[in-house]
Amino acid sequence: MNDSSIRLDHVDKRFGSVHAVQDVCFDVPRGSLLGFLGPNGAGKSTTIRMIMSIIYPDQGSISVLGGSALAAKNRIGYLPEERGLYRKMRVGEFLRYIGRLKGMTRSDSRTAAMTWLDRMELLAVDRKRCEELSKGMHQKIQFIASIIHEPDLMIFDEPFSGLDPVNAELMNTIIQELHAQGRTIIFSTHVMHQAEQLCERIMLIDRGRLILDDSMEGIQKTFDPRTIEVEPLPGIGLPTHIDGVAERTVTREGGLELHLNDHVDPHRVMQRVVEAGPVRSIKLRRPSLDDVFVMLVRDRLHETELGTTLPGATP
Amino acid sequence: MNRVTPIIWREFKYTALTKAFIIGSIIVPIFIFPLLIVLPVLFAPRIEPLKGTIVIIGSEAVAQQASDLAHEEQRKSGTTRQLEEAMAGMPDSIKSAATDPLLGNPMASSRLEYDLQVDSAAAADLDANKQRVRDHDLIAVAALTDELLHKDPTREQNQFELFVRPGLSPRHLDFIDDLLADAVVEVRVKQSGMDYSAMRAMMRRPGVLTKRLQEGGGEVREYEWAKRLIPIAFMILVWIATFTSGNYLLTTTIEEKSNKVMEVLLSAASPMEIMSGKIIGQAFVSLITLFMYGGLGIIALIALSQADLIPLEMIVYLLLFFIMAYFMIASIMASVGSAVSDLHDAQSLIGPAMIVLILPMILWIPISESPNGSLAVVTSYIPPLIPFVMILRVTASGDPVPLWQIAVALVEGFAAVVVMMWMCARIFRVGVLMQGKAPSPLQLIKWIRYR
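Here the protein sequences line up with chains A and W, keeping their order.
Quick note on my numbering: the first sequence kicks off at 1 and runs consecutively.
Quick note on my numbering: the second sequence kicks off at 316 and runs consecutively.
A couple of the hints might just be wrong.
A partial selection of chain W residues facing chain A, derived with a Cβ cut-off under 7 angstroms [unchecked claim]:
hint, residue
1, Arg318
2, Ala443
3, Asn574
4, Val576
5, Val579
6, Leu581
7, Ser582
8, Ala583
9, Ala584
Source of the hints: derived by calculation from the structure; they are not laboratory data.
A quick note: this is a predicted structure, and the numbers were derived from the prediction, not measured.
For each residue, glycine too, the CB sits at the ideal point set by N, CA and C.
Pulled out of the complex, with its shape left as it was, chain W reads as follows:
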């Protein structure tokens, strides 16, 4: 252990206490975190105002109605409405951030500004108006049919042609579609003698205010999206923490080999001591990443009064499966790092392993939606996938995973860790002395069997 301790400390110090790590892994995420909260709103782009004239062929009533709707204050496009509907399910803190003037009032900036005039024209003027659209004199011309305004049009009748100028942005088009479709519906309703405003008010679907009754007696607002996101958040947390350090392990091992420090180290310590020191050193780096990102997540849940979504046993499982995942990834990275002389060669060896390890990321929806389904159960017994699939399963909000399955996964997973670390040690002691061409996977297997 005397020789391992300095190696652990050096590995940790030159990874975690460097400007690159502090800026890349600590400061940047801390700044990014608040941005993530308003990210959906920020994605709503600021776009150019929509200005000009639309001509409607075939119905003066629709043209008039569209003109009236366009002059209603704060008319919103479909995109803005969808955004607002999505925001309705969000906690108050996010809603207030979305309209915070200090953040530039992202919701308001997502709305489209417009100055539209809507005219009508006779069917005979369609071609002339199309030419005006081509000449950029008009924004669009809509050709309506009489059948469109029937009380009960068929599917074929319930559509109209809209001719737009080239280069019209999707948001502008979306706004015009919406405006004209609403005008057509309103004219139909009016022609039937009904009160459109009253009807619209009655048709508005009620919102559901779900509240979760807590075991201690309280009740808190239930956010469905939070429950859905917890499994993937846990898996990504394990993924980021293990792969970040795994990657550092790979690059530092390659660096030590390529700049020939390895030979100096080997004169002082055995390959096993070097490998252990490096893996343990990076384990501490990995833990920092886990605690930092995990801590931020927990702080966010506490701020939303949602801390009870993560019971203590979930944290215990997180730690157990994180340890399992880290040592699996570390054994792969240390083996490959010791066997190659540059990163390019490493990519070709890591590629196949990555394809397998990325599976849980692809399968997170079916696994977390059905944590006891066949797919989830089978994949949670395949060694390199165990920690990632199991963390999805145990944090999913569906049926609880049977305890015996968790126990089997833990025993099998840690047994796999022992085997993988042993194989890694065998490859490492041969690989660190090898220079030149990268070995094939078959050669790596031969190295395991070397005396």
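Chain A with its partners taken away, still in its complex shape:
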């Protein structure tokens, strides 16, 4: 039994002189909820399109749901970043059309369309033309279109864009339900806190190379925390200079954030702070995904110049 939903083995893709994807290898176990991140133009869409068998790699192999990507099309749901609906088509008809394309019978696609429209609180728009819908409704219809056929593997590109907080929460709940049903979900986003909140595992791609592939826990362990949060006692301040602290900022609540110099042991700095005077609390702040993203993408620029490799990256 193959436990991989997706396996990429030394996948390489060029478009003329642009090396869009370079020797990428990864394995997505079945039932994962994975964040696929990267800056603009990093190669995410190209990789996703290859997984979807919309385009094919120049080198390497891709296995999707244990076989050929093309054969698995009906078991994959895809929500592209750029939303596309037929303007003149009625909502219900569009969903049934996509269901039929995904191999559903006419009656199954009709039932599923109605069920999902009801679930997404869109039953009233069933007979409306797509051009009459708001941007948020477009987004929800497109989301339904990507899951109407109950795929085993779902790939969502920026699923929350254009949604108000209520609808974003609704979609969040549905994604978690689908995950709980054992479906594999990959989603790509620029909003890091969403990925942090939802994903078990993160992959980061930059300039065609996979530079991070780890669990959220692993990422937080791997990446050296560079900030100490201190809550001083009332009336007792900290010394103006503490060895290893590059900069300090005052939070809105009156606490302090000590930003450390590079290559400084944060535990030594914490010890110095405590020795300098009593404090109410002191803790190391875990790096957010935002911090990791910025750090990695920024450092990758540096690494390219120096020829070094970051932890978790493909060699």
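Fit chain W to the given chain A structure using the hints.
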């Protein structure tokens, strides 16, 4: 095929079962068809009556004769006479439509109403009369010479000057020219002592009532104009049916690309499946157009008892060359539609192909007049032109096209269809994913070679 079927149906439904298509392609032509029958008559404009005085300098006899002719009842201008001569060759149904009171009696309305007075004046009064013309007091003044009324005037003598006021309509001028020229001829004949009416009756050319003997034993009236029009009618039929759907194919592909539906479709079906579905879907739309317009044409021929002008083999050729033409045009339109993001970019890529494809339209007369001439034979072997030129050749009424040439054209044409569809598929799978600047023709060739 599971994925292709819904694409075919959607493409067909959202093209052929739309108000725009039903109104534009079905209802409007049905209403226009009866109008086309009386179109030549409708083109004869209703114009203002011609009222006023014409002065003739140099011949009282001509002035008198012109006055008499003007007072003859139902005198017709040259234009009206030409129209009536043209109508004489038309079937009875068209003739009756041309004089049908329900249609406003178009023939009668094409006649010019007039109320003319013709006076004569001395040569010395020419300048004064010219001034009267300028002052809009007269319609025209004609200056005749004595030589004009000779029995056998030379070419230089056989003309006269006519001075008309500014803004005189061509129909009015045509009427006056005719009236004065007839008056001059009649005066010449009378001066020679001959009977003009008898002479005119004898000079009237006889009409020819051509009848075609049918193979089954009957005979029907032969309309030369119908035989001449059949090749171009067949070619236009193929042209309209293929280009209408080709155009829909182009615009729907561009729309799917520009509104990003293509990415959704590609997640469900391969580019080849999408392209096939779209092309087959539009093929049905094209067939509807072909059957509708072709059917109307056949009904018209049956109504004129001319159905035997189109033997069964002609219909078979029509279908074969229509299929060939459709897939050639569809492959061009689908390639271009997939490669560009808006119609403006599409025009620049389609332009060169259109220049080639419009050639048969320009060359229809020489090809249909001489279906086995060098021009016809050579152009019928150039792939994109094959179906259009061949349909002109096989429906022309001249020498029959040798069967081997038809066979070669069919084999070559369908081989070209296979190659064009293959190239289209290669371009389509790359083009649908491309956004932004339209590719150059050179880039399209590169796409064909992409892995």
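Each hint tested on the structure:
With 7 angstroms as the threshold, the beta carbon of arginine 318 of chain W comes within range of chain A, its nearest partner Cβ sitting at about 5 angstroms, so the hint holds. Of the supplied interface hints, the one on alanine 443 of chain W is violated, with its beta-carbon coming no nearer than about 74 angstroms to a beta-carbon of chain A, more than 7 angstroms. Residue-level restraint check for asparagine 574 of chain W holds (minimum Cβ-Cβ distance to chain A is 5 angstroms; threshold 7 angstroms). Interface hint status for valine 576 of chain W: upheld, as the beta-carbon distance to the closest one in chain A is roughly 4 angstroms, under 7 angstroms.
Among the interface hints, the one on valine 579 of chain W holds; its C-beta lies about 5 angstroms from the nearest C-beta in chain A, closer than the 7 angstroms criterion. Hint status for leucine 581 of chain W: holds, given a least beta-carbon distance of 5 angstroms to chain A, under 7 angstroms. Nearest Cβ of chain A to the Cβ of serine 582 of chain W: about 4 angstroms, under the 7 angstroms cut. The hint holds. About 4 angstroms separates the beta-carbon of alanine 583 of chain W from the nearest beta-carbon of chain A, less than 7 angstroms, and the hint is met.
The interface hint given for alanine 584 of chain W is met, as the beta carbon of that residue sits about 6 angstroms from the closest beta carbon of chain A, less than 7 angstroms.
Going through the hint list in order, the structure does not satisfy hint 2, though it satisfies all others.
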